[in-house]
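Asks: As given, the protein sequences belong to chains A and B, one line each in that order. Number 298 in the UniProt record's numbering belongs to position 298 of the first sequence; there are no gaps in the numbering. Number 17 in the UniProt record's numbering belongs to position 17 of the second sequence; there are no gaps in the numbering.
Treat the hints with care, as some may be off.
Claimed, not checked - DSS-like, lysine-lysine: derived pairs with alpha carbons at most 30 Å apart:
1. A:K415 to B:K139
2. A:K161 to A:K207
3. B:K54 to A:K258
4. A:K183 to B:K123
5. A:K336 to A:K183
6. A:K77 to A:K130
7. A:K370 to A:K290
8. A:K303 to A:K183
9. B:K149 to B:K139
10. B:K89 to A:K183
11. B:K54 to A:K415
12. B:K54 to A:K183
13. A:K92 to A:K130
14. B:K123 to A:K179
15. A:K183 to B:K94
16. A:K290 to A:K303
17. A:K388 to A:K415
18. A:K179 to B:K156
19. A:K336 to A:K161
20. A:K29 to A:K336
21. A:K302 to A:K179
22. A:K388 to B:K54
23. A:K388 to B:K139
24. A:K258 to A:K207
25. A:K179 to B:K89
26. B:K94 to A:K179
27. A:K367 to A:K290
28. A:K179 to B:K149
29. A:K258 to B:K123
30. A:K183 to B:K156
31. A:K40 to A:K92
32. B:K149 to A:K183
33. A:K92 to A:K77
34. B:K54 to A:K179
35. A:K336 to A:K303
None of these hints come from the bench; they were simulated from the model.
Here's the letter readout for the chains.
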Amino acid sequence: MKKHFSRYLLLSTGLVGSLSLFALTSENKIVADPDNAGLKLPAGFGALKVAETGARTRHITVTPQGTIYVKLNRPNKEGKGILMLRETSGGKAEVVNGFSNYGGTGIYSVPGFLYASSNDAVYRYKLSPKGEVTNPTQPEKIITGLINRRQHESKSITQDKAGNIYVNIGAYSNACQVKDRQKGSLGRPNCPILDSAGGIWQFRADKLNQTYANGTRYATGLRNVVGLDWNTQANQLFVMQHGRDQLHDNFPELYDTKQSAELPAECMYALNKGDNAGWPYMYYDNVQRKKMMAPEYGGDGKKEATGNYIDPAAAYPAHTAPNALLFYTGTMFPEKYRNGAFIAFHGSWNRAPEPQKGYYIAFQPFKDGKPSGEWEVFADNFAGAPDKAAAGRPDHKPCGLAQGPDGSLYVTDDKQGTIYRIVYAKK
Amino acid sequence: MKQIFIVVCALTLLSQSAVAQQKTPPKAKPTTKKAATAAPKTAAVAAATLTAGKAVYTQNCLTCHMADGGGVERMNPPLNGTTWVLGDKTRLVKVVLNGLEGEDIDGESYASVMPAFDALTDKQISDVLTYVRNSFGNKATAISAAEVKTIRASNKK
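Construct the entire structure; sequences and hints are all you get.
Replies: Structural data, given as structure tokens:
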């Protein structure tokens with residue numbers, strides 16, 4: 001008890017100083033860091049660093065019991081690809097276990113099961129009533145043999161409420177050129193990549209050893225989706241696409257460096273089965289608000305796309321790399337956030353010579369299952385300083401999002417392995 | 001707080017350059033009179049070559065390898081302190097001529113594809129590689145257009 005006492009005295013400063021006496025009475029009181037973990041947040045919000053894992057923490061999920069699971073881009077020094085963290089005190093947590101021998105991005109939990117993906121397969125683990133994995137060394141392989149050619153390799157996952165799992169299979173190319181990223185190289189006719197990648201595939205969440213033959217290409221023409229989530233209000237899958245790179249590098253006569261930095265938009269799509277979002281034949285211009293024909297396929301920066309492609313549900317600044325999407329259903333945050341979308345923008349690299357951008361969590365308001373109103377930056381300064389962001393040398397890169405059972409928002413960083421928790425302190 | 005932060009950054013930079021210098025030959029900056037007079041002419045890279053190399057770099061390389069040559073984590077490899085840049089010239093020239101894909105660099109894998117830059121002239125390639133080998137904390141010998149020409153002639157894709 002004495003140990004807890006001194007810890008609370010140390011932690012309870014700054015923003016939540018007034019709560020310190022109250023904190024002494026409860027072991028589970030969440031205590032924001034005095035500097036809000038270095039983040040800039042709207043009034044009333046606080047943040048703390050839950051843990052420093054030192055690993056490349058990609059996506060994250062939190063069980064109803066508060067157990068945290070994080071997927072690592074590659075196995076850590078101990079050879080483990082998934083970390084399990086348990087809450088300690090003050091809202092922080094510590095790594096208590098590691099398991100799985102594969103790297104990857106996707107991790108998702110439902111009552112009773114934990115799902116995780118490598119770059120070519122999806123596994124399922126059983127969860128005990130306490131939210132702990134009971135078969136860490138013998139997961140069930142539910143999907144196997146997905147294409148992985150390094151580029152856009154993340155197999156992000158989410159589920160609907162009808163027992164289906166959705167897997168992103170990113171295109172192993174920038175724009176389906178004959179020679180990838182080669183200046184002036186044109187697009188391959190009838191882009192063959194789309195047969196096995198460049199879309200979202202749907203599988204059953206409870207069947208073992210499914211291959212492409214057992215799945216459905218749910219939506220196509222999506223270059224690479226890292227963030228995706230099921231919207232229960234619309235009963236619909238929403239995804240965030242990473243738009244194509246290097247318009248100027250590959251077609252300097254059509255695009256200057258400024259246009260290349262601002263095009264194309266990073267798009268949010270609301271998907272229905274069978275939808276085509278148009279990659280590689282088009283990109284979305286968020287200045288003109290038009291679907292444009294890609295230069296690899298006859299576009300000149302002015303021609304609009306001609307195919308039957310869906311419109312984005314919302315659009316965001318180019319190249320900022322949306323790596324996670326989460327519909328917030330908690331009650332801790334104020335009413336305006338309920339059922340809206342949080343988006344983790346990992347940050348850009350191909351905007352030079354313009355300043356790099358991103359490294360923040362955005363909030364997109366929703367109404368009745370549709371984006372409604374302008375998006376805003378919700379949590380900023382993962383970079384640590386504006387010049388670090390501009391140089392593309394941020395301290396942290398937000399990558400994963402999860403909602404805790406109390407409505408806290410958890411954020412992973414795959415640069416240093418910091419896990420953040422953002423909370424709202426009621427006034 | 002800001003001051004501490006800057007100090008930390010400066011320390012980080014110092015320690016990084018110290019590491020880079022351990023890996024690479026020390027800078028040719030003359031520290032004594034003797035060193036200055038003894039410095040061979042070939043070790044000094046002509047300013048015009050660096051200027052021309054930087055122009056080629058800005059146009060063709062900067063987007064992926066970034067302004068500071070540090071690359072992008074897990075996507076595009078860094079150009080500073082790596083044996084790929086500082087080591088064997090033939091291998092380095094061939095990376096530019098043929099591009100590179102699926103190769104681990106110093107134990108790290110990178111997702112992106114580097115296209116071939118064989119459309120660049122021998123001189124553009126020698127200029128840009130000499131620039132890269134003498135920028136971002138790197139210090140290595142120059143590569144001549146004649147060397148690029150020879151490597152290009154024997155280059156089998």
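Asks: Give a verdict on every hint.
Replies: Consistency of the hints with the structure:
1. A:K415 to B:K139: Between K415 of chain A and K139 of chain B the Cα gap is close to 28 Å, so the pair holds against 30 Å.
2. A:K161 to A:K207: Distance of about 16 Å is within 30 Å: holds.
3. B:K54 to A:K258: This hinted pair holds, its Cα atoms lying about 20 Å apart.
4. A:K183 to B:K123: It holds: about 19 Å lies between the C-alpha atoms, which stays within 30 Å.
5. A:K336 to A:K183: 46 Å, violated
6. A:K77 to A:K130: Roughly 28 Å between the alpha carbons, so the hint for K77 of chain A and K130 of chain A holds.
7. A:K370 to A:K290: 20 Å, holds
8. A:K303 to A:K183: Within the cut-off at roughly 20 Å; holds.
9. B:K149 to B:K139: 23 Å, holds
10. B:K89 to A:K183: 25 Å, holds
11. B:K54 to A:K415: 29 Å, holds
12. B:K54 to A:K183: Holds: K54 of chain B and K183 of chain A sit about 19 Å apart, inside 30 Å.
13. A:K92 to A:K130: 19 Å, holds
14. B:K123 to A:K179: 24 Å, holds
15. A:K183 to B:K94: 18 Å, holds
16. A:K290 to A:K303: Holds: K290 of chain A and K303 of chain A sit about 10 Å apart, inside 30 Å.
17. A:K388 to A:K415: Roughly 14 Å between the alpha carbons, so the hint for K388 of chain A and K415 of chain A holds.
18. A:K179 to B:K156: 18 Å, holds
19. A:K336 to A:K161: 24 Å, holds
20. A:K29 to A:K336: 24 Å, holds
21. A:K302 to A:K179: Given that 30 Å is the threshold and the Cα spacing comes to 24 Å, the pair holds.
22. A:K388 to B:K54: 22 Å, holds
23. A:K388 to B:K139: 25 Å, holds
24. A:K258 to A:K207: Not OK: K258 of chain A and K207 of chain A at ~48 Å, beyond 30 Å, violated.
25. A:K179 to B:K89: Holds, at roughly 25 Å.
26. B:K94 to A:K179: Holds, because 17 Å separates the two Cα atoms, which is no more than 30 Å.
27. A:K367 to A:K290: Distance of about 24 Å is within 30 Å: holds.
28. A:K179 to B:K149: 24 Å, holds
29. A:K258 to B:K123: 28 Å, holds
30. A:K183 to B:K156: Given that 30 Å is the threshold and the Cα spacing comes to 21 Å, the pair holds.
31. A:K40 to A:K92: Measuring from Cα to Cα gives roughly 19 Å; hence the hint holds.
32. B:K149 to A:K183: Answer holds: K149 of chain B to K183 of chain A is near 22 Å, not above 30 Å.
33. A:K92 to A:K77: Status holds; Cα separation ~23 Å.
34. B:K54 to A:K179: 25 Å, holds
35. A:K336 to A:K303: Violated: K336 of chain A and K303 of chain A sit about 39 Å apart, past 30 Å.
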